[in-house]
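Use these hints to put chains B and C onto chain A, whose structure you have.
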Amino acid sequence: MRTTINSLKKGEKAIIKDFDIDVIPLKLLEMGCLPGNTVELLQIAPFGDPLYLDINGSHLAIRIETAKEIDVELIKIKL
Amino acid sequence: MINQNINVALIGNPNTGKTSVFNQLTGLNQQVGNYPGITVEKKIGFCKLSHNIKANILDLPGTYSLNASSIDENVVIELMLNKNDKLYPDVALVVTDVENLKRNLLLFTQIKDLEIPTILVINMADRMAHKGITLNIPYLEEHLKTKIALISSRKGFGIDELKKLIVTYKSISNEPCLSASVIDPEYFNSLRKAFPNQLLYKLWLVITQDVNFLNLERKEIQGSFTKSHSDLKRLQQKETIKRYQFINDVLKEGLKVDATIAKDFRSKLDRVLTHKIWGYVIFFAILFVIFQSIFDWSKVPMDFIDSSFASLSTLANNTLPAGVLTNLISQGIIPGIGGILIFIPQIAFLFLFISILEESGYMSRVVFLMDKIMRKFGLSGKSVVPLISGTACAIPAIMATRNIENWKERLITILVTPFTTCSARLPVYAIIIALVIPDTRVLGVFNLQGLTLMLLYLLGFGMAIFSAYILNKILKIKGKTFFVVEMPNYKLPMFKNVAINVIEKTKAFVFGAGKIILAISIVLWFLASYGPGTKFKNADEIIRAKTANSTLSAQELENKVASYKLENSYIGIMGKTIEPAISPLGYDWKIGIAVISSFAAREVFVGTLATIYSVGGSDNENTIKNKMAAEINPATGKKIFNFASGISLLLFYAFALQCASTLAITRKETNSWKWPVGQLIFMSGFAYIVALIAYQILK
Amino acid sequence: MLQEIIAFIALGIALAFLIRKFFFKKKKFDKNCGDDDCGCH
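Protein chains in written order, with this note's numbering: chain A, 1 to 79; chain B, 1 to 699; chain C, 1 to 41.
Where hints are given, some of them may not hold.
Pulled a few chain B residues facing chain A out of the computed Cβ check, cut under 8 Å [to be verified]:
#	residue
1	Tyr64
2	Asn67
3	Ser69
4	Arg103
5	Leu106
6	Lys233
7	Lys372
8	Val484
Simulated crosslink set (EDC-like; lysine to aspartate or glutamate; CA at most 20 Å straight-line) [stated by the list, open to error]:
#	chain 1	residue 1	chain 2	residue 2
9	B	Lys233	A	Asp71
10	B	Lys242	A	Asp18
11	B	Lys372	A	Glu65
12	B	Lys233	A	Asp18
13	B	Lys491	A	Asp54
14	B	Lys478	A	Asp22
15	B	Lys537	C	Glu4
16	A	Lys10	B	Glu486
17	C	Lys21	B	Glu669
18	B	Lys238	A	Asp22
19	A	Lys68	B	Glu486
20	A	Lys27	B	Glu78
21	B	Lys242	A	Asp20
22	B	Lys256	A	Asp54
23	B	Lys102	A	Glu40
24	B	Lys102	A	Asp54
25	B	Lys131	A	Glu40
26	B	Lys372	A	Glu69
27	A	Lys13	B	Glu486
28	B	Lys233	A	Asp20
29	B	Lys238	A	Asp20
30	A	Lys10	B	Asp264
31	C	Lys21	B	Glu41
32	B	Lys268	A	Glu40
33	B	Lys478	A	Glu65
34	B	Lys268	A	Asp54
35	A	Lys27	B	Glu486
36	B	Lys131	A	Asp54
37	B	Lys238	A	Asp71
Don't read these hints as lab results, they were simulated from the structure.
Each residue gets a CB set at the ideal place from its N, CA and C atoms; glycine is no exception.
If we strip away everything but chain A, and leave its shape as in the complex, we get (with noise of 0.2 Å):
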């Protein structure tokens, strides 16, 4: 199971691990998704579709159909 943007929880912060180039748009790797860029949830809409994400210090919103084509690696908060 690929651990994608999708996956993540309110508040989880997240690696971007890779994604294939020919189904997300240019314009988003323009706006900061790089593989090695942070991303954070922040919200959640009602009805789960769009996702509120802070992605390399944009804050943006895209489609889960999006979302769920980016790979991202978790990262545990140290307890």
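Using the frame of chain A, we list chains B and C on its own:
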């Protein structure tokens, strides 16, 4: 000292306050036009930089990068690549927001690589303290090879320094930030060998974009250097990564954030405004307040405009020499213009509210809240603004669909927006409701007439959503679906920006719809003032003969003549001709005339009725009402305007596409005829059937 | 008489304007559209 005129291009991400900077530099010396052939707005302004240097400032559409994904963004590239364009900039100002500098700099590095003198404008400097941000300006200037203007367009500081900086543009370095060849050294080396005189980065843009580059034929480049679509995308990804690496390195030293100071107002507010219950409650409450206020505030100005134009019309009639032209002016042109201007209060107020919501950043949250729901009907969260704007006027509303990325969602929004109840329908609704709906209270609280009006509004929205749903199922349009909405920081709307925005949108209505309405009013006046045959020509004698035995005042006689003339004019004949088609709906030829004329603009309906029911020159609602209430159908002996025909009329106007201006804008924005024509046929057909059924059931 | 003439000229202008607005063939432009529809389809 010679006088100089230089071209300055304002570029930047959306939400960086670029428009504020533009407004600060140009004040009201700005013009909005169109780029030829496409529906993108061209904003140019003028600014005096120093006593002998003036600047033409071109405010380009906001974009995140030169890799265009919409026509808006294409415009930016086209300009930046074409040295022969007369607006080609001597200097580029890249406007950035200090809180989003990392992302904003992507565009900056791309512009810089085009080897145009570029000034980095860092806006919203007033927020630095709040967020614990400090900048090392000399370091940044050195590493980014530019000059920096730190400003706050909101507080108004830094603008003078910016102007001084622009004047020194020749001394700013044109060196690129990133050498394009790092993207793929081998490929770029061969490009360089083939085209030694061209900028590498420019070549790259031509290859990856669909742009017209006048000096080089795309074919030349494509021949030996074509790469597959996938490969190009991979290289673009690499380019983006390289640029961000560069930016990160520079900002590591150049920008420091003290997280302990940073206050986070945004997330607190977000939690409430996007809450699954409170979010919607607040949104609908805001909508309610907006509509209520618009109604209340518009009454006085509207009455004022109404009576002013009525007086103007009488004045023209009395002072100008008698004749056809005078009649055209006082009965066709002046009322026509009055009919356009009377909607300015409502439209301006609505756009005032929408503009404030957008400037404050709240609108993005609304889009966020509504997207999922809207998608069920084939629309986008971004369709909210057009749908709400449609209650003022469909024209600016349809123009507002330009930011919807997905073509299918945008098309559906354009097609269904005219179902929402626009301001022009209100006079029609008002008079019919006054005629056929009793003025009583329901449950002791709700005024029945007010309730009917509200129901009509809801019907409009409902129909819009419902047709969107159907269209979504029927239309087979594939397209990449890509949705992203930036969630900007909340900020207090700046009065200047809001005001200029409102003026622009109102102008769109006045000049867009206005010209068409005026032209049609002129044509209609002719159709109503001339008629074929002897009946029309001899109207005066015929009526005198008919009424020889009854005692009528001069005014009443005149009215009767006017009414007879109308019946036998071109438009009267048209009305009579369609009568058999509309009598199943409960209408007679008189209403038929009014319906035909209101194709110019729905509000013409009331004016035409005034003429038909021979109320002479005044538009006094009560008098028209009484006259209409008294009208009897000669065949049945019953009232023409009864409950059944009233409801039928209301429904007809709720659903019919009767605004020629809307057709025109739909054609423009969809670039084809099939959509507006289809819209016309469907909506008219639907309106007809519903009105028919309603009348037949209720009569 | 003059009034009639001017009035009919006004009518002519109005008609010409409407015809141009609604029946004018859209200008052909060279540029291709980008990836997603910019209104052409």
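Each hint tested on the structure:
The beta carbon of Tyr64 (chain B) comes within 5 Å of a beta carbon in chain A, closer than 8 Å, and the hint placing it at the interface holds. Annotation: Asn67 (chain B) was flagged as interfacial toward chain A, and the flag holds, the nearest CB pair being 5 Å apart, inside 8 Å. Against a cut-off of 8 Å between C-beta atoms, the interface hint on Ser69 (chain B) holds, since the closest Cβ of chain A lies about 5 Å away. At about 5 Å, the closest approach between the beta carbon of Arg103 (chain B) and any beta carbon in chain A falls short of 8 Å, and the interface hint on this residue holds.
Annotation: interface hint on Leu106 (chain B) holds; nearest CB of chain A at approximately 6 Å, less than 8 Å. For Lys233 (chain B), the interface hint holds, since its Cβ comes within 8 Å of a Cβ in chain A; the closest pair sits about 5 Å apart. Using the Cβ-Cβ criterion of 8 Å, the hint placing Lys372 (chain B) at the interface with chain A is satisfied: the shortest such distance is roughly 4 Å. With a cut of 8 Å, the hint placing Val484 (chain B) at the interface with chain A holds, because the nearest CB-to-CB distance is about 5 Å.
With a C-alpha separation of about 19 Å, the suggested pair Lys233 (chain B) and Asp71 (chain A) falls inside the 20 Å cut-off, and the hint holds. The suggested pairing of Lys242 (chain B) with Asp18 (chain A) holds, with an alpha-carbon distance near 16 Å, which does not exceed 20 Å. Using a Cα cut-off of 20 Å, the hinted pair Lys372 (chain B) and Glu65 (chain A) holds, with the two alpha carbons roughly 12 Å apart. Proposed proximity of Lys233 (chain B) and Asp18 (chain A) is supported: the alpha carbons are some 15 Å apart, at most 20 Å.
Using a Cα cut-off of 20 Å, the hinted pair Lys491 (chain B) and Asp54 (chain A) holds, with the two alpha carbons roughly 19 Å apart. Among the hinted pairs, Lys478 (chain B) with Asp22 (chain A) is consistent with the structure: their alpha-carbon atoms are about 16 Å apart, no more than 20 Å. For a cut-off of 20 Å, the pair hint linking Lys537 (chain B) to Glu4 (chain C) stands: about 16 Å separates their Cα positions. The hinted pair formed by Lys10 (chain A) and Glu486 (chain B) meets the criterion: a straight-line CA distance of about 18 Å does not exceed 20 Å.
About 14 Å separates the Cα atoms of Lys21 (chain C) and Glu669 (chain B), which keeps this hinted pair within 20 Å; it holds. As the CA atoms of Lys238 (chain B) and Asp22 (chain A) are separated by approximately 14 Å, the hinted pair is consistent with the 20 Å bound. Under the criterion of a C-alpha separation no larger than 20 Å, the hint pairing Lys68 (chain A) with Glu486 (chain B) is consistent with the structure, at around 19 Å. Between Lys27 (chain A) and Glu78 (chain B) the alpha-carbon distance is near 18 Å, which keeps this suggested pair within the 20 Å criterion.
Of the pairs offered as hints, the one joining Lys242 (chain B) and Asp20 (chain A) holds, with about 18 Å between alpha carbons and a cut-off of 20 Å not exceeded. For the hint linking Lys256 (chain B) to Asp54 (chain A), the alpha-carbon distance of about 19 Å falls within 20 Å, and the restraint holds. About 17 Å separates the Cα atoms of Lys102 (chain B) and Glu40 (chain A), which keeps this hinted pair within 20 Å; it holds. Taking the CA atoms of Lys102 (chain B) and Asp54 (chain A), the gap is near 13 Å; set against the 20 Å cutoff, the hint holds.
Proximity of Lys131 (chain B) to Glu40 (chain A) is assessed by CA-CA distance (about 19 Å); at most 20 Å being required, the pair is judged to hold. The suggested pairing of Lys372 (chain B) with Glu69 (chain A) holds, with an alpha-carbon distance near 19 Å, which does not exceed 20 Å. Distance restraint check for Lys13 (chain A) and Glu486 (chain B): the Cα-Cα separation of roughly 19 Å lies within the 20 Å cut-off, and the hinted pair is therefore satisfied. Our distance criterion of 20 Å between C-alpha atoms is met by Lys233 (chain B) and Asp20 (chain A), whose separation comes to about 11 Å.
Restraint check for Lys238 (chain B) and Asp20 (chain A): the C-alpha separation of about 14 Å stays at or below 20 Å, so the hint holds. At roughly 17 Å between alpha-carbon atoms, Lys10 (chain A) and Asp264 (chain B) fall within 20 Å of each other, so this suggested pair holds. In summary, the hint linking Lys21 (chain C) to Glu41 (chain B) is supported, as the alpha carbons are separated by about 19 Å, within the 20 Å threshold. Restraint check for Lys268 (chain B) and Glu40 (chain A): the C-alpha separation of about 16 Å stays at or below 20 Å, so the hint holds.
A C-alpha spacing of about 16 Å is found between Lys478 (chain B) and Glu65 (chain A), which places the hinted pair at or below 20 Å, so the restraint holds. Between the alpha carbons of Lys268 (chain B) and Asp54 (chain A) the distance comes to roughly 15 Å, so the proposed pair stays at or under 20 Å and holds. About 12 Å separates the Cα atoms of Lys27 (chain A) and Glu486 (chain B), which keeps this hinted pair within 20 Å; it holds. A threshold of 20 Å between alpha carbons decides the hint, and for Lys131 (chain B) with Asp54 (chain A) the separation of about 16 Å falls inside it, so the pair holds.
Simply put, Lys238 (chain B) and Asp71 (chain A) have alpha-carbon atoms about 18 Å apart, close enough for the 20 Å limit, and the pair holds.
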